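Visitor: So you can see what is in the structure, the chains are spelled out below.
Number of protein chains: 2
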Amino acid sequence: MPKTAPTKFTPPPNLKKVRKGLVIVNTGNGKGKSTAAFGMMLRAWGRGMNTMAVQFIKSEKSRYGEQMAAEKLDIEIISSGRGFTWTSKDLSEDEAMAKHGWEIAKEKINSGDYHLILLDEITYPVSYGWIDVNEVVEVLQNKPEMLHVVLTGRDAEPELIEVADLVTEMKEIKHPYADQGIPAQKGVEF
Amino acid sequence: MPKTAPTKFTPPPNLKKVRKGLVIVNTGNGKGKSTAAFGMMLRAWGRGMNTMAVQFIKSEKSRYGEQMAAEKLDIEIISSGRGFTWTSKDLSEDEAMAKHGWEIAKEKINSGDYHLILLDEITYPVSYGWIDVNEVVEVLQNKPEMLHVVLTGRDAEPELIEVADLVTEMKEIKHPYADQGIPAQKGVEF
Numbered sequence: 025m026p027k028t029a030p031t032k033f034t035p036p037p038n039l040k041k042v043r044k045g046l047v048i049v050n051t052g053n054g055k056g057k058s059t060a061a062f063g064m065m066l067r068a069w070g071r072g073m074n075t076m077a078v079q080f081i082k083s084e085k086s087r088y089g090e091q092m093a094a095e096k097l098d099i100e101i102i103s104s105g106r107g108f109t110w111t112s113k114d115l116s117e118d119e120a121m122a123k124h125g126w127e128i129a130k131e132k133i134n135s136g137d138y139h140l141i142l143l144d145e146i147t148y149p150v151s152y153g154w155i156d157v158n159e160v161v162e163v164l165q166n167k168p169e170m171l172h173v174v175l176t177g178r179d180a181e182p183e184l185i186e187v188a189d190l191v192t193e194m195k196e197i198k199h200p201y202a203d204q205g206i207p208a209q210k211g212v213e214f
Numbered sequence: 025m026p027k028t029a030p031t032k033f034t035p036p037p038n039l040k041k042v043r044k045g046l047v048i049v050n051t052g053n054g055k056g057k058s059t060a061a062f063g064m065m066l067r068a069w070g071r072g073m074n075t076m077a078v079q080f081i082k083s084e085k086s087r088y089g090e091q092m093a094a095e096k097l098d099i100e101i102i103s104s105g106r107g108f109t110w111t112s113k114d115l116s117e118d119e120a121m122a123k124h125g126w127e128i129a130k131e132k133i134n135s136g137d138y139h140l141i142l143l144d145e146i147t148y149p150v151s152y153g154w155i156d157v158n159e160v161v162e163v164l165q166n167k168p169e170m171l172h173v174v175l176t177g178r179d180a181e182p183e184l185i186e187v188a189d190l191v192t193e194m195k196e197i198k199h200p201y202a203d204q205g206i207p208a209q210k211g212v213e214f
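Protein chains in written order, with the working numbering: chain E, 25 to 214; chain D, 25 to 214.
Since the hints were derived computationally from the structure, they do not count as laboratory data.
Note that the coordinates shown come from a computational prediction; the quantities given were computed from them, not determined experimentally.
One thing to keep in mind: the hints can contain errors.
Which copy is meant is left open, because identical chains are indistinguishable; a pair holds if it fits in one copy or across any two.
[Unchecked claim] For lysine to any residue, the following SDA-like pairs were computed, each having C-alpha atoms within a straight-line distance of at most 20 Å: (1) K195 x N158; (2) K132 x L115; (3) K167 x E196; (4) K210 x G72; (5) K96 x K123; (6) K210 x E162; (7) K195 x R71; (8) K195 x R178; (9) K130 x E196.
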């Protein structure tokens with residue numbers, strides 16, 4: 025009998041059995057990296073899964089739409105930054121906060137209490153060298169098997185891309201700020 | 025006195041005054057188009073804004089994470105599709121459902137009752153010619169001024185890109201299905 029050559033997109037026979045927690049990276053210069061991650065948290069929450077986020081850049085003092093929503097939903101968001109770091113005068117405090125955020129993140133990841141953990145804008149403190157990329161990779165490689173971890177931020181380091189299962193680049197095609205002088209819109213972009 | 029040449033990225037002086045509802049398109053072959061849109065809805069909901077979605081492809085019979093979440097949050101999601109249309113035998117019914125979804129969408133957009141409306145996966149029925157792209161453009165151009173409308177789906181028509189204020193391409197860099205034979209994960213991807 026003639027054998028049919030397998031096509032490129034034939035799913036493997038054990039497809040339904042392979043389930044595992046994914047390492048997901050949303051990177052790129054466009055909008056939607058964090059927003060999609062919050063959408064994933066919302067889906068997980070909708071299914072009754074346990075989810076939480078550590079935000080590495082956003083200030084604990086500001087009020088973002090996602091933080092207000094998370095509060096209403098009883099989803100824990102830990103903010104471990106002071107806002108936009110490029111306006112900071114004393115970077116050592118930002119660095120200390122980022123390191124502290126990473127300690128919390130490790131604890132949460134290793135606790136086994138969650139289905140989905142978001143490390144929001146972690147690429148920045150990793151790029152600055154404040155958080156050791158090799159340690160992040162090691163923690164991700166040894167995470168609880170069914171836990172999904174989502175990492176966001178521009179310019180994800182190659183090591184993070186390498187360890188990830190799913191990587192999406194959000195690419196800016198058209199932006200109202202640059203094109204029309206429209207500022208970020210409350211309730212949509214923050 | 026010498027005049028300083030304006031740099032390319034100087035925000036216009038009236039930046040804070042210019043606020044308007046945006047037309048946002050999330051397109052591309054990667055993940056996160058709908059997920060980011062649901063994240064925007066979550067932010068809007070967190071700020072107490074009115075938001076709703078019309079889903080043009082997803083079946084009203086299936087149970088998706090975002091639908092389960094929306095139900096808990098009392099956010100209206102109207103599903104006007106039968107699931108993945110490329111498995112359909114009778115496309116006329118899909119077409120009728122898409123047209124019906126668009127009628128509802130128009131009504132919602134023109135009602136003035138919402139701050140953010142999502143037209144999820146509308147690019148597909150538009151590409152098929154089931155929904156007239158020129159009518160979509162016209163409705164978007166005449167929408168209530170402060171209403172944000174988010175359109176998602178692959179291969180957004182040039183007319184939709186043109187009318188949009190903010191366009192992001194979600195680009196697949198690495199995907200577990202293709203690379204490792206891992207199926208879509210409940211609570212994260214759907």
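Visitor: For every hint, state whether the structure bears it out.
Guide: Checked hints:
1. When the C-alpha separation of K195 and N158 is checked against a cutoff of 20 Å, the pair qualifies neither within a copy, at 27 Å, nor between copies, at 26 Å.
2. In this homomeric assembly, K132 and L115 never come within 20 Å of each other (Cα to Cα): the closest approach is 26 Å inside a single copy and 48 Å across copies.
3. With identical chains, the CA atoms of K167 and E196 are never at most 20 Å apart, being 32 Å at best within one copy and 24 Å at best between copies.
4. For the homomeric pair K210 and G72, the shortest alpha-carbon distance between copies (11 Å) is at most 20 Å, but the shortest distance inside one copy (28 Å) is not.
5. Proximity of K96 to K123 under the C-alpha cut-off of 20 Å is found in neither arrangement, the shortest distances being 28 Å within a copy and 36 Å between copies.
6. Proximity of K210 to E162 under the C-alpha cut-off of 20 Å is found in neither arrangement, the shortest distances being 37 Å within a copy and 25 Å between copies.
7. Proximity of K195 and R71 under a CA criterion of 20 Å is satisfied in neither setting, with 29 Å inside one chain copy and 27 Å between copies.
8. In the homo-oligomer, the alpha carbons of K195 and R178 lie at most 20 Å apart both inside one protomer (10 Å) and across protomers (14 Å), since each shortest distance falls under that limit.
9. In this homomeric assembly, K130 and E196 never come within 20 Å of each other (Cα to Cα): the closest approach is 32 Å inside a single copy and 28 Å across copies.
Going down the numbered hints, you'll see the structure goes against 1, 2, 3, 5, 6, 7, 9, while the others check out.
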